[in-house]
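Line by line, the protein sequences are chains A and B.
Residue numbering for the first sequence follows the numbering used here, starting at 178 and increasing by one per position.
Residue numbering for the second sequence follows the numbering used here, starting at 221 and increasing by one per position.
Be aware that one or more of the hints could be misleading.
[Stated by the list, open to error] Reference listing, derived: stretches of chain B covered by chain A, where coverage requires no fewer than 3 residues with Cβ under 8 angstroms from a Cβ of chain A:
1) 252-258
2) 262-268
3) 300-310
[Claimed, not checked] Here are the simulated lysine-lysine pairs, DSSO-like style, with alpha carbons at most 27 angstroms apart:
4) B:Lys290 to B:Lys265
5) B:Lys265 to A:Lys360
6) A:Lys187 to B:Lys290
7) A:Lys360 to B:Lys270
8) A:Lys257 to B:Lys290
Quick caveat, the hints were computed from the structure, so don't treat them as lab data.
Since the structure is predicted, the reported quantities are computational estimates derived from the model, not experimental observations.
All residues carry an ideal CB built from backbone N, CA and C; glycine is no exception.
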Amino acid sequence: MDEKPDAVLKTYLRQLRWGLAPQSAGDRDDIVEETRLHILARIEQGQTLQAVLASLGPAEVYASRFNDEMEITGALGSEKPVAVLFAILRRAHRSLTAVAAVASVLALSVCALAFVVTAGLKPFDPEHIGLWLSSHGSLLVGSISNPTDHRELLGGWIYPVAAIMVTIAWLLGRLVMLWTLRKIARKSHV
Amino acid sequence: MEIALLHLLGDGPEYGLEILERMRRDAGLNVAEGTIYPLLHRLEKGGSIKSEWRVDPAGGRPRRYYALTKLGTDERQALVAEWHRISAAMNAFLRE
C-alpha cells in the first residue's frame, strides 16, 4: 500500500476523530496518528486494510474504548464522588459489580437520609418521631401513629447518630465506588 | 493484562505494535488488536507510563515509545508481588 492513505483509511480515521470528541485536541491527534501508523505497519507486514480495520473494530467502537478509559482515569484521578458515580452508572448495564455498587450506595444514602429527615423533624413531634423498636423486635426510623406498642430508642441522641450515619454513608459509599471503578478498570482488559 | 504490560516495559521503552506482539508471543496473552492503545493511554494519563515520539534514523515512520515512570515501576513491583503471592497460594491449594 502507498504511504498516502486511501479513501477507506481516511474515512476510518475521520470517524475515529469524530468519536474522540470528548478528548483534547492533542490527545485526538496523537491517537489518530498512532492508529494510522499502526494500520500502515500492519499492511507492510502483509495484512489487508480491511483485515486490520476489522481487528481494530468499527471506528466509533474503537474511539469509545479510549473515551471509556479516559473517563475512568479522570474519575479515579479526581476521586470526585459525582464523577466516580457517573462513571459507574454508565457501566451499570454491562457490569454486575457496577449494579451492586450502585445498589449499595443507594441503600446507604437512603438509610442516612432517613436518619437526617427524622432528626430534622424530631423537634416538631417528639412523641411520634424517632428510632423505634416494635414489640416484634423490628426497627423503624421515622414517624409512627401509635407509639404504644413501640419503644423509642434514641431520644436526643438521634442528632449525633444521624451525623454518624451520614459520615459512615459518605465514607463507605466513597470507598465502595472507588473500589468498584478500579475493579472495572482492571477487568476491562482481561 | 496490565501486569504483563508493565512487566514488559520494565525491559525498556517499546512502541505499541511491538508491545502487542510481545504480549502475544512472550506472555501468551490473546490480546485483541484494539485494546492495547486505549490501555496504554489510560496508564499514561494515570502517570504509570510516559511516551515520546521517536523518528527512525533509518528513515522509517515515527513511532510512539512508551516507558515506565517511577510510579509505574512501583506499581509493577506491587502487582508482580501480588501475582506471586496468589499463584503460590493457588499452587499449594492444587497440590493438596
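Each hint, compared with the structure:
Under the rule that three or more residues need a Cβ within less than 8 angstroms of chain A, the assignment of the stretch 252-258 of chain B holds, with 6 such residues. Check on the stretch 262-268 of chain B: 3 of its residues sit with their Cβ under 8 angstroms from a Cβ of chain A, so the three-residue criterion for coverage holds. Figure legend: the stretch 300-310 of chain B, annotated as covered by chain A; annotation inconsistent (0 residues with Cβ-Cβ distances under 8 angstroms, at least 3 required). Of the supplied pair hints, the one linking lysine 290 of chain B and lysine 265 of chain B holds, its CA atoms being roughly 14 angstroms apart against a limit of 27 angstroms.
Of the pairs offered as hints, the one joining lysine 265 of chain B and lysine 360 of chain A holds, with about 17 angstroms between alpha carbons and a cut-off of 27 angstroms not exceeded. Note on lysine 187 of chain A and lysine 290 of chain B: the hinted pairing is violated, with a Cα-Cα distance of about 38 angstroms set against a maximum of 27 angstroms. At most 27 angstroms may separate the alpha-carbon atoms for a hinted pair to count; lysine 360 of chain A and lysine 270 of chain B meet this at roughly 23 angstroms. Of the pairs offered as hints, the one joining lysine 257 of chain A and lysine 290 of chain B holds, with about 25 angstroms between alpha carbons and a cut-off of 27 angstroms not exceeded.
Of the numbered hints stated above, those contradicted by the structure are hints 3, 6, listed in ascending order.
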